[in-house]
Amino acid sequence: MSMNRRKFLKVSATTTAAAVTVPTMLVPKDADAKIGELAYEGEAGKWVASTCQGCTSWCSIQGLVVGDRVVKVRGNPNSPSGGRICPRPHLALQQVYDPDRVKTPLKRTNPKKGKGIDPKFVPISWEEAADTIADKILELINAGESHKFLLMRGRYTYMREIIYGTFPKLIGSPNNISHSAICAEAEKFGRYYTEGFWDYADADLENTRYLLAWGWDGIASNRQTPWFIKQMGNIKDRARVTAIDPRLSATAAKADRWLPVIPGTDSALQVAIAHVILSEGKWNKLFVGDFADGQNAFIPGQEVQAETTFNEKHTYGVVKWWNLELKDRTPEWAEDICGIKADEIRAVAREFAEAGSKAISWVSPGASMQVRGAYASLAGHALNGLVGSVDAAGGTLQKLSPPVNKSPDYKPYLDPKLTANTKKPKIDQRGTKNFPSLKKKSGGGVVTSRVAQALLDEDPYDIKVAIGYWNNFVYSSNGTQQWEEAMAKLPFFAHITTNLAEMSMFADIVLPAKMSMFERWGYLKSKQNLHGYATLNVPMIKPYADAKTDETEVPFLIAQSLAKKGFDGPLRYYQENFKDPETGKVPQNSEEFDLFALKYYLEPLWTGKAASKGDNITSWKELVEKGIWKTKRFTPGKKIDNFKTATHKFEFYSETLKKAMGAHAEKHNMSMDEAFEAANYTCRGDLSFVPHYEPPVRHGDEKEYPFIFAEHRSRLNREGRSQNTPWYYGMLDVDPGGVADKDVTKINPLDGKKLGLKEGDRIRITSPQGSIESEVHLWEGTRPGVVIKCFGQGHWAYGRVGSEVFGSKPRGANNNDILHYDWERLSGSNPRHGGLSRVKIEKI
Amino acid sequence: MANKVKCGMIIDLHRCVGCGGCDLACKSENNTPVGIDWASHKVETYGVFPDTKYEHVPTLCNHCEDAPCIRVCPTKAMHKDNKGMVIHDPSICIGCKSCILADPYKVISYNQQSAFLDYVTDDSRIVKGGTFSKKELSEASNAPFPNFNVDRGADGYEAVRKKGTVEKCSFCDHRVADGLAPACVVACPADARIFGDLNDPKSEIVKLLKTYKPTVLLPEKGTKPKVFYIRSFSNKS
Numbered sequence: 000m001s002m003n004r005r006k007f008l009k010v011s012a013t014t015t016a017a018a019v020t021v022p023t024m025l026v027p028k029d030a031d032a033k034i035g036e037l038a039y040e041g042e043a044g045k046w047v048a049s050t051c052q053g054c055t056s057w058c059s060i061q062g063l064v065v066g067d068r069v070v071k072v073r074g075n076p077n078s079p080s081g082g083r084i085c086p087r088p089h090l091a092l093q094q095v096y097d098p099d100r101v102k103t104p105l106k107r108t109n110p111k112k113g114k115g116i117d118p119k120f121v122p123i124s125w126e127e128a129a130d131t132i133a134d135k136i137l138e139l140i141n142a143g144e145s146h147k148f149l150l151m152r153g154r155y156t157y158m159r160e161i162i163y164g165t166f167p168k169l170i171g172s173p174n175n176i177s178h179s180a181i182c183a184e185a186e187k188f189g190r191y192y193t194e195g196f197w198d199y200a201d202a203d204l205e206n207t208r209y210l211l212a213w214g215w216d217g218i219a220s221n222r223q224t225p226w227f228i229k230q231m232g233n234i235k236d237r238a239r240v241t242a243i244d245p246r247l248s249a250t251a252a253k254a255d256r257w258l259p260v261i262p263g264t265d266s267a268l269q270v271a272i273a274h275v276i277l278s279e280g281k282w283n284k285l286f287v288g289d290f291a292d293g294q295n296a297f298i299p300g301q302e303v304q305a306e307t308t309f310n311e312k313h314t315y316g317v318v319k320w321w322n323l324e325l326k327d328r329t330p331e332w333a334e335d336i337c338g339i340k341a342d343e344i345r346a347v348a349r350e351f352a353e354a355g356s357k358a359i360s361w362v363s364p365g366a367s368m369q370v371r372g373a374y375a376s377l378a379g380h381a382l383n384g385l386v387g388s389v390d391a392a393g394g395t396l397q398k399l400s401p402p403v404n405k406s407p408d409y410k411p412y413l414d415p416k417l418t419a420n421t422k423k424p425k426i427d428q429r430g431t432k433n434f435p436s437l438k439k440k441s442g443g444g445v446v447t448s449r450v451a452q453a454l455l456d457e458d459p460y461d462i463k464v465a466i467g468y469w470n471n472f473v474y475s476s477n478g479t480q481q482w483e484e485a486m487a488k489l490p491f492f493a494h495i496t497t498n499l500a501e502m503s504m505f506a507d508i509v510l511p512a513k514m515s516m517f518e519r520w521g522y523l524k525s526k527q528n529l530h531g532y533a534t535l536n537v538p539m540i541k542p543y544a545d546a547k548t549d550e551t552e553v554p555f556l557i558a559q560s561l562a563k564k565g566f567d568g569p570l571r572y573y574q575e576n577f578k579d580p581e582t583g584k585v586p587q588n589s590e591e592f593d594l595f596a597l598k599y600y601l602e603p604l605w606t607g608k609a610a611s612k613g614d615n616i617t618s619w620k621e622l623v624e625k626g627i628w629k630t631k632r633f634t635p636g637k638k639i640d641n642f643k644t645a646t647h648k649f650e651f652y653s654e655t656l657k658k659a660m661g662a663h664a665e666k667h668n669m670s671m672d673e674a675f676e677a678a679n680y681t682c683r684g685d686l687s688f689v690p691h692y693e694p695p696v697r698h699g700d701e702k703e704y705p706f707i708f709a710e711h712r713s714r715l716n717r718e719g720r721s722q723n724t725p726w727y728y729g730m731l732d733v734d735p736g737g738v739a740d741k742d743v744t745k746i747n748p749l750d751g752k753k754l755g756l757k758e759g760d761r762i763r764i765t766s767p768q769g770s771i772e773s774e775v776h777l778w779e780g781t782r783p784g785v786v787i788k789c790f791g792q793g794h795w796a797y798g799r800v801g802s803e804v805f806g807s808k809p810r811g812a813n814n815n816d817i818l819h820y821d822w823e824r825l826s827g828s829n830p831r832h833g834g835l836s837r838v839k840i841e842k843i
Numbered sequence: 000m001a002n003k004v005k006c007g008m009i010i011d012l013h014r015c016v017g018c019g020g021c022d023l024a025c026k027s028e029n030n031t032p033v034g035i036d037w038a039s040h041k042v043e044t045y046g047v048f049p050d051t052k053y054e055h056v057p058t059l060c061n062h063c064e065d066a067p068c069i070r071v072c073p074t075k076a077m078h079k080d081n082k083g084m085v086i087h088d089p090s091i092c093i094g095c096k097s098c099i100l101a102d103p104y105k106v107i108s109y110n111q112q113s114a115f116l117d118y119v120t121d122d123s124r125i126v127k128g129g130t131f132s133k134k135e136l137s138e139a140s141n142a143p144f145p146n147f148n149v150d151r152g153a154d155g156y157e158a159v160r161k162k163g164t165v166e167k168c169s170f171c172d173h174r175v176a177d178g179l180a181p182a183c184v185v186a187c188p189a190d191a192r193i194f195g196d197l198n199d200p201k202s203e204i205v206k207l208l209k210t211y212k213p214t215v216l217l218p219e220k221g222t223k224p225k226v227f228y229i230r231s232f233s234n235k236s
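Chains A and B, in that order, give the protein sequences. Quick note on numbering that gives the first Met the number 0: the first sequence kicks off at 0 and runs consecutively. Quick note on numbering that gives the first Met the number 0: the second sequence kicks off at 0 and runs consecutively.
Watch out, some of these pointers could steer you wrong.
Coverage of chain B stretches by chain A, computed from C-beta distances (three or more under 8 angstroms per stretch; other residues unrestricted) [unchecked claim]:
1. 16-22
2. 41-52
3. 95-107
4. 125-136
5. 188-194
Cβ-to-Cβ under 10 angstroms is the rule here; a few derived chain A residues that face chain B [claimed, not checked]:
6. V65
7. R68
8. R237
9. T250
10. F290
11. Q294
12. I298
13. T617
14. Y728
Simulated from the structure, these hints should not be mistaken for laboratory data. Just so you know, these numbers come straight off a predicted model, no measurement behind them. All C-beta atoms in this analysis are idealised placements derived from N, C-alpha and C, irrespective of residue type, glycine included.
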C-alpha cells in the first residue's frame, strides 16, 4: 500500500526507519501510546483524554475522535497505571451510542406510579422542565418546608459540589443523600478505626511479597483494576496470592491458594490467622514490639497476665486483643465456622507473617459489606498491623491528594429564613439509635438505603420533592420492593439520567444527562500505583441527545428559573463565584457554567501553583490535553506514630471507636452495650473495641431455606450500566463460572444432584425478601451449600437489550429482589455480601 | 532486505488474567457485528471443589504456516501476504465456506446477512419522541453505526464485510502496515501479548520463544500456527 508523506513522517518520528517496513515495534507503549493528533489511514483522528467511570478505579483514558464520533478507547499514557485499561472502557462506546438513551426532557402523563406501569412520557422543553421543578421547590419554600426537598446522588464526578454539595443548602434543605453506603463504606470502617484513614487503601504492588485478598477480586472489579491486571503476572513471579472468596473469582483463579470461605464468616478466619501469628511468635517485633523478657506469653487458651510487660511500639492494645478475643481463636475453632481446614489456616498465617512488612491483607466489600461486617473489616486490616505492613514498602498505604479549590461559601446566598431548615435531621435517619453510621462520628455517614423506609414512614418527615441523578436505587439497593413502594409514594420526582432506568419509571420529569466519559466536563480524584491524581472528564463529542451535565448545567437551569420567579440566591451564587478564571467572564448559560466551574475547582492544578506537590502544568489547555494531574509518589513510613487515631498509634484496641460509639450512646442515653445491641452486634464490654468474630446474620430458617445466597460482580459490569450494550452479553464467560448470553446461578454439582437439577434447568430462587427466576450452571467453583449469582442483569427498565420487554419484563434477574432489606449499621452500609439471605431453590 | 518478515504472536498465559479486553478492542477496531468475533477465548473449569482450576485461553486466527483455509479456497480469496499473515480478500470471496469447513480452529465466520443492517432498517424506539432508533443514530452519525471505525477499510478491504462473504482476524494488517501493533496487543492491560517478526533474531518474540517452551493449539493438525502460548494461566497445583 502507498503511504502518504504526512503519515510517513509521523511513523518515522517515533520508530526507526526500518520499523516502517519491518514490524519490530510491537511494544505498544512505543508504537501507539502517543498523545494528540495521529495521522491514520488518511484520516486525522485525535486521541482525547477523559475518565472512565465504569467502576471507582476512575482510570484516565483516551478516546479516538474521528470527525464528530468517538470510535476507540485506550489508556491515557500519562496515567500512573501505565496507560492501561481493563475491558470496561471499551463497552462505554456502546453505552454512549445506545439508541435507548433519553433524547429530550420528558414529562409523565400517567399519574399512576408503580413497577410495570407505563409512565406515558411525552417530550417537553428544557425550559418547561426547569420551570416545573422550580415551581415545586418554590412551593416548599413558600410553605416553610424547604427541608422536604431531597437530592439523591448516585455515581458522581467531583463537580458534585454544585448539585449535591451546595444546591440543596441554597434552597434550604439538609437532604443531600449520596449512594456511598451502597458501595463500600464498611470497607473504610476497618481502616479508619485502626489507622484513622476513612478511604480505600493503596498498596505497593511492585514490592509486595504476599497478597491476602479478602473477597477482593482486584483483577476483575474495583479498584485500580488495570494496574492490578498489569502487575498480576509480576506479583505471581515473586509473591504468593491467597484469595478468600466463596466463589472461584478471577483473582482466585490466578491465586496460589483459594480459601472458599462460608459467606459472612471472614472474621472467624481472620482472628484465627491472628491467633497463629501471635501464638507462634511471628508478629513483626519492630512494628508491634515484644515482651520485655523476650518470652512469648501469647499461649493459646491463656491470658497474658497483668504483670507481664509488653513493650508496644507503633501499635496499641495487642495484649488486650489477645486477652479479649484471640487466645481461644485457634484454627481448629475457626474450621467449623468458616469452612476452611485448620491446617490451611495455619499455613496461610505462617506464609503471610513470613512476608512481614511486605504482606498485604486487603479487605474489600466482599468481606465487609455484611450485616456484621464492620469487625471483619477491622480484623482483616488489623492483620497488616501484626506484620507491620501498614504504611510500609511492599505494604498497604494511604494516599496523596491533588490540591483543588474548595467550594465558595454558600451562606451569604442563603435566605436567612431557610437556615433553620438546613439544620433539620437528614431523611436517612443517620445517627439515630439504630443507625450509628460512624463515619468518624455518630451520623457522620450516609445510610442510603434507609431512605426508602424513611419515605414510607415519613420519619423524620414527609419528603415532597426529590431529584435523583446518576442513580438507580430502585434497582441497585437491597430491598427493591421497599424502594418501588417508596418511589411510587413520592409526590414529585425528577430523574437526571442517560437511560430510562427503573428509577426513571417513577419520575414526573426525566432529564437527559450527558454521558460522563465522552460528553461532559468534570473531574475525579483517585489513586493508583502510589500516585494520587485528578483526572478530567472531557466532552470530546457532542451528544446526539439534547442532554445536559447533571451536576452543573441542570442546577444552573433550575437556578435561572428560580431567579426568574424571584428567588435568585442560587443563580447569584453561581454567577458571582464561578467566573472564568482566565477571562473573568460571568457564566451566562449552563454550558459556560459547566466549564467555568471546573476551571475554578482545578485552578491550582493548571496554573503551576500545585507544582511542588506533583505535575507542573501551567495552562488550562495543557491540563485538558494531558487529561490528568498526578501527585508525586507516595513515600511510605511517614504516617507511623502519626495516625489520625485517638492514640496516634495503629489501634488493635480502638480507642477511636470507643470514643465515637461512646458519643453515640450518650446522645441516645444508652449504655455502650445497649448501643451495640441496637446496631445488631453481639459484642459487649471491651470486646467491642477489638477486632473479633461476629456470627453472621442470616434471614430465613435453615430448614425452609437451606442455601446461602452469595453474589459477585462481573468484570464487564460498568456498575449497573453496561447491561444495555450488546457486547456485554456475548462475553459473560470471561467471568469464571459465567456463561455467555445468560444470567446463570452457579450451583455446586453435589447440590445440583441433591436437588435433581441439570445444567440449564430453569429455577426459582426464593428468600424471605422475594423471588427471582434463573438458570442453573453446575460449577465446581462454587462452595457446596452456597448458590452464587452475578449482580448486574435483571433490569426491567434500562433499554431494549437489558430488558426482555422494556418497562415490564427483565432480562435475567436482579439479586436485590432477594437480598434482604437490612444494614451494616456501624457504617450505614448495604450488606449485599456475607450471605444475609437464605434461599430455597425450586425447579420450574 | 536480509530476511522476509514473518509475523507471529505470543500469548503469555501467566500474565493473561482472562479479562477479555483484547476481544473488545478487536470488535471496535475491526467493526465486527454481534456474533462474529475475530478475537475470542476458550474457558474451562476443572477439578472438584475445593481443588478447582480455571483456565482462560485467548484465541484468534493462528495465521498458520500451512493454512488449511488457504489450501481449500477456490478463488485464492484466502491467501498469505508478504509478512506471512493469512489474509482474506472479500472482493473475490464466493462465500462457499470451504475455508470454514477446513479450519480446525473455527475462527472464520460467515456473514449470513449484511452486518449492521439493523442500523439501516430499524426505526423503532422505546419511547416515541423520547429516545432514539438505530436508524436515527446511523443517520445522525453519517456512518454505518456511530462508533464505526472507517480506518479498518484499508487497501480495498471493506470496513464492514458484505453478506455472503467470510471474515476473520487479519493480525490487524492495516495497523501493522502503519507500524502499529494489532489492536489486541495494544489493548492488553497485562502485557500478555507479544507481536513481532519471527525471522528477526533480535525481536522480543524470538527471545521469548527461546526462553519458554511454547505450545500451539491443535499441534496434531500439522498447521504450524504462528500464535504461540507460553507459561500457564493457573499455577495452583
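query: Holds or violated: is the Cβ of R68 of chain A closer than 10 angstroms to a Cβ in chain B?
result: It holds, given that the least Cβ distance between R68 of chain A and chain B is near 6 angstroms, below 10 angstroms.
- prompt: Holds or violated: V65 of chain A as interface residue toward chain B, Cβ cutoff 10 angstroms?
  reply: holds, 7 angstroms
message: How does the region 95-107 of chain B fare against chain A when you require at least three residues with a CB closer than 8 angstroms, holds or violated?
response: That given contact is violated, which follows from only 0 residues of the region 95-107 of chain B lying within Cβ reach (below 8 angstroms) of chain A.
- prompt: Hint check: is the beta carbon of T250 of chain A less than 10 angstroms from a beta carbon of chain B?
  reply: holds, 8 angstroms
message: Taking beta carbons only, do three or more residues of the region 188-194 of chain B come closer than 8 angstroms to chain A?
response: With 6 residues closer than 8 angstroms to chain A, the region 188-194 of chain B meets the three-residue bar; holds.
- prompt: Once the shortest beta carbon distance from Y728 of chain A to chain B is found, is it less than 10 angstroms?
  reply: Check passed: Cβ of Y728 of chain A comes within 8 angstroms of chain B, closer than 10 angstroms.
message: For the restraint on Q294 of chain A, tell me whether the closest CB of chain B is nearer than 10 angstroms.
response: Where the cut-off is 10 angstroms and the nearest Cβ of chain B is about 38 angstroms from Q294 of chain A, the hint is violated.
field: Agreement of hint F290 of chain A with chain B interface, Cβ distance less than 10 angstroms
entry: Check failed: Cβ of F290 of chain A comes no nearer than 38 angstroms to chain B, outside 10 angstroms.
- prompt: Taking a Cβ-Cβ distance under 8 angstroms as contact, does the region 125-136 of chain B have three or more residues in contact with chain A?
  reply: With 10 residues in contact (Cβ-Cβ under 8 angstroms with chain A), the coverage given for the region 125-136 of chain B holds.
message: Hint validation: I298 of chain A versus chain B, beta carbon distance must be below 10 angstroms. Holds or violated?
response: Since chain B brings no Cβ nearer than about 32 angstroms to I298 of chain A, farther than 10 angstroms, the hint is violated.
- prompt: Does R237 of chain A meet its interface restraint, that is, does its C-beta lie within less than 10 angstroms of any C-beta in chain B?
  reply: Constraint on R237 of chain A not satisfied, violated at 13 angstroms.
- request: Against chain B, run the beta carbon of T617 of chain A and see if the smallest gap drops under 10 angstroms.
  value: Nearest chain B Cβ about 31 angstroms off; hint violated.
Hints 3, 8, 10, 11, 12 and 13 from the earlier list are contradicted by this structure; the remaining hints agree with it.
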